[in-house]
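J.: All chains should be modelled from the sequences, with the hints used to inform the complete structure.
Protein chains: 4
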Amino acid sequence: MYQFQCDYTGGCCPEILEKLVQTNPLELPGYCEDSLCAEAESLILKKAGLNKEEADVFWAASGTMANLSLLTTVMAANEAVLAADTAHIHTAEAGAIEFSGHKILTVRSKDGKILPESIERVCSNFEESDQVSRAHVCRPRAVYISFPTELGTIYSLEELKALSGVCKRHRLFLYIDGARLAYGLAASSDVELKELAECADAFYIGGTKCGALFGEAVVIKDRDVRDRFLGVLRMCGGLIAKGRTLGCSFKAFFEDDLYQRLGRSANEKAAKIRTAFEEVGVSFYSESQTNQLFPIVDEKLFNRLSEKIKFKVIRRTQEGQGILRLCTSWSTPDEAVQALVNLIKS
Amino acid sequence: MYQFQCDYTGGCCPEILEKLVQTNPLELPGYCEDSLCAEAESLILKKAGLNKEEADVFWAASGTMANLSLLTTVMAANEAVLAADTAHIHTAEAGAIEFSGHKILTVRSKDGKILPESIERVCSNFEESDQVSRAHVCRPRAVYISFPTELGTIYSLEELKALSGVCKRHRLFLYIDGARLAYGLAASSDVELKELAECADAFYIGGTKCGALFGEAVVIKDRDVRDRFLGVLRMCGGLIAKGRTLGCSFKAFFEDDLYQRLGRSANEKAAKIRTAFEEVGVSFYSESQTNQLFPIVDEKLFNRLSEKIKFKVIRRTQEGQGILRLCTSWSTPDEAVQALVNLIKS
Amino acid sequence: MYQFQCDYTGGCCPEILEKLVQTNPLELPGYCEDSLCAEAESLILKKAGLNKEEADVFWAASGTMANLSLLTTVMAANEAVLAADTAHIHTAEAGAIEFSGHKILTVRSKDGKILPESIERVCSNFEESDQVSRAHVCRPRAVYISFPTELGTIYSLEELKALSGVCKRHRLFLYIDGARLAYGLAASSDVELKELAECADAFYIGGTKCGALFGEAVVIKDRDVRDRFLGVLRMCGGLIAKGRTLGCSFKAFFEDDLYQRLGRSANEKAAKIRTAFEEVGVSFYSESQTNQLFPIVDEKLFNRLSEKIKFKVIRRTQEGQGILRLCTSWSTPDEAVQALVNLIKS
Amino acid sequence: MYQFQCDYTGGCCPEILEKLVQTNPLELPGYCEDSLCAEAESLILKKAGLNKEEADVFWAASGTMANLSLLTTVMAANEAVLAADTAHIHTAEAGAIEFSGHKILTVRSKDGKILPESIERVCSNFEESDQVSRAHVCRPRAVYISFPTELGTIYSLEELKALSGVCKRHRLFLYIDGARLAYGLAASSDVELKELAECADAFYIGGTKCGALFGEAVVIKDRDVRDRFLGVLRMCGGLIAKGRTLGCSFKAFFEDDLYQRLGRSANEKAAKIRTAFEEVGVSFYSESQTNQLFPIVDEKLFNRLSEKIKFKVIRRTQEGQGILRLCTSWSTPDEAVQALVNLIKS
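Residue numbers (this note's numbering), protein chains in the order written: chain A, 113 to 458; chain B, 113 to 458; chain C, 113 to 458; chain D, 113 to 458.
Errors might be hidden in some of the hints.
Copies of the same chain look alike in the list, so a pair counts if it fits in one copy or across any two.
[Unchecked claim] The list that follows gives simulated cross-link-like pairs (lysine to aspartate or glutamate, DMTMM-like), each with its CA atoms no further than 25 Å apart:
hint, residue 1, residue 2
1, 422, 242
2, 159, 304
3, 280, 339
4, 333, 242
Just so you know, the hints here were simulated from the structure itself, not pulled from any lab data.
T.: Here's what the structure looks like:
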């Protein structure tokens, strides 16, 4: 069976593994106070066009942990985060945000993307209410978006700027979940780390789903959030004693353009598969430009694929149709891609 | 400078590193559903004298995460956990238990250990109260102990059984934090994994502080808690996508007696240092039998040590005395131990 | 200005006021352990066809408090409550349920009512998932419905039984918010307190919006929830020291059929207003059968009403249309009703 | 049996009852937006020497609710409140603060009072730690004191100023729980509402235990907390729909000096009882100056008292001694006081 069910079936990419082996004997201080974390932070800040005055980089054990601890730091009691109804924090993180005491206000999304007017509407409603009416709802405080989205799509720079604008106007904290950022950056024609860093108040650079063993880099610009984040991260159980592992991994990612390369290579594999689907007339649930594909296949193709490859079923219709998700990653063998392409076309 | 400030200054032990490299190319399912986790679980259950009917093993990203998610699964609203006033969850986890909505009821401890009568007293008070008086406090639901304790001491089998007995009588869930379990088991003459598993309702086997890159193995016997734990762990952000890393590490720990060996070796290094302190008449804050030492040094020795080694200062008195904590681990070089011994004696 | 903006513009109904004055000099124990609470409990249990073995009655300071403390008692970590997207706990309680750490899973509703198949779908999806997929979402644990609903409609006995059935099949706790129960019971042809008590695992009988100064009676059948509720209520700040006030009020409600009479009288006033709207061709946003009306008025009528009466605006369209909410209650003067009718018809 | 077990055995004082009856027919807006609340706010602000620019008054359903919602508004994630180990929020509110996600850092107290140096020590420890050490604990954010304390004692103006000073130096929010404020103000020679308002950032004026049916007035000076409090109060279920009841009660309290009179009268009754105890050589657990007395009685007196009066047992020693709590209030009949005095002396 070929593995297309997710983008974390492999271990870590060889470049990271090599560095882990290399640095393993070093005796280093704990809790991300080591030189590897410091070097990785410098590299990231530089790529993001930020200096140490303007932002800090923190290290979280998982994506859910990054989201939970960041948003918990940002939101006060009775404050809410706005997110697409397809947002990972709403559909796939087991109620983490609510566990922290906060409501997610879902807004309609298109292809996984929030439109600025959706945010505008919620905020205007709130702002135009009198004091007592406001007290009956949650105060909008933050906006959560994913880059790329859960449906594999990406925001253009213009779209990001529009979101950033509406957030600034309504004093909302804009947070970007970059679980699959490598694929998003590689697919985008106008958004690089710099643009992301300009538009967002905080974002995380995904490690786990982009070729690291585990761990994510959380970049925060807001001064107050930076001051309080480490304590919250610790409180949530997400501060890693041997932070060096994360520092080492992200140093490898950003010392040269490994992160970008890993993203591009996975996107290219996905593109080949997409083309194969298109050639046999299969349509897609979303116009993904990245490493996740959401083909809508009929029963026959569903069954044929099931025999040889692993994928995730998003939904099945009563007629036997299936909306599937297939992922590629740095570790997807070319041979597996070819086998899948043949299977689709056969 | 020699590093004695904690037991996680090294990377992972070579045996684990080798396995990580070996298994890295494997394509495996995510979220701890892989064969490495399954093998590690089997090995652990076997050593603990348990079968798959009696217990499950789960994998958590960190010790705070293990404590947070386990206790959150166990406790309902308005329920509390009893712990020593020196307990890690009370003094060093940034309010994680309270973040989950629960109160820690601290009880007096001796050398880091809870006495059964302390538990007895809290429970009797509660049980003898009328319904309204009970409603004004938190219902005791769980007991948290550490093995070894935060002061390096260990419970004897008799002590563990006594605690287990009082917990059973009052329907309290007994949970053991084994962040440094390797050192505790290696130091004990009558407690092995089997005994721990008999006395506790759940416990975790520490990886991070005992030689793994990160991660802890949570062993749970209670059926209801087993059924709900994974969802809570995910909600807390502690479920690791590439669980294989943890499976691989713990497989290495328990395939032979590596875990025990790592503990013993660190304890032996600590013993040499302890002897040196004793020889120059230094007394200790606690009778640690494991890899942590708590010497009470005068100003002169404090200064001399400060020049060459890193340690943690627990407290300083006005007269310049210091209570220190020094840790050894698998990665402490013999040379560092010797240097420290010389320093003490000089 | 005549007051139709809500059903709590008056103080308490005269029958309750009289009893409060009468019982004021009594010296009674605190925290609902008094004879007035005991008597009120007996009366309620009797009307509900329950005995003291089968259920307890508790007293909460407000409706949000009743919902918060009851659902917090019922749900464990990572568990969710299903509710209509129009549910009071979702739209008007400022994130109380999320504050307690739990997610509300909204399901589509019709006229404010949940359909059994909506519950069925969520539960089947969950139950058919494997263990890891389950861990990524919240476990359905309770269902929240309102009687009458937020749109003034009421469930028929058949509908209630169907909901109760699906809840039992999926081991969901069925909880009914009876903030305006007096109006619902008065409007229903086949649901009385007995039927409610048969179908629900817990429900609350609204005081505040039905003629009391404040306070709600929470009826709970489940043994474990009864055992733990008082502590949770206290923890939430909802246990009232002078519970006697609530006991006294609900004794007045249920000593004879005052509760029913208050509901009926408000419904009759609402019916007169509804007829007037219908006569001038105004349609309604929902087919309310109780004391809340949701007429959809054009700009002209909107403005005419605005001059003389107070109401709540649910929403305004760009064309100037308005969906309004008008409420009657025991305290609405007949003169106000007549004035409003004249205004509509003029 | 005479009732000395608490200060809320009566209904409300006659002056409040009269106003409730008088204002009952008024049709008023809900949620404390009514004229009675506005008038009560003006009266309170005036007595406190504050204007509407400097502070707002809010209305909470209970004391636990006031504490929970105020502190939840003040504290961000990972922040803690310092309190005496005898503090009501620590010993008698069922874990409300922890439920909201926050830790109570208890400090040693004397006669129920916190010493400024205790606060100083906790804050210095925190401030002198490095960033990583800080991340392992909770950040001190607020200080909770009670006036009078849970042991009936009161802070002098000098003591209050010292606490206020240390709080300002360390940017801590000083919050005063005035559940029994009437008794405290009546007993103090130098603290009136003005002084309290000068020293505290927020405080609440107790209604329930001082003669109202229920409800407390929360006075807040901090601008940000004022802006967010109402939403948090609603979220906690503590915003009362018929806030008029609270407005009416506090208007009665502060229209003339009723609040002070009620306090003084209860204190005088307590003084008579204290004198009687002293005359027969009974000593006290605390030097209470207010309406609560804590005599330490021998077994004989314990039994004699038990026959005729109700009191609360704080603790019993093995020798049969008992530390009792006896309370007086506006509703304690002179006859009961005399009977108790006779009983003590007999």
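J.: Honestly, which of those hints from before does the structure not fit?
T.: When the structure is compared with the hints, none of them turns out to be violated.
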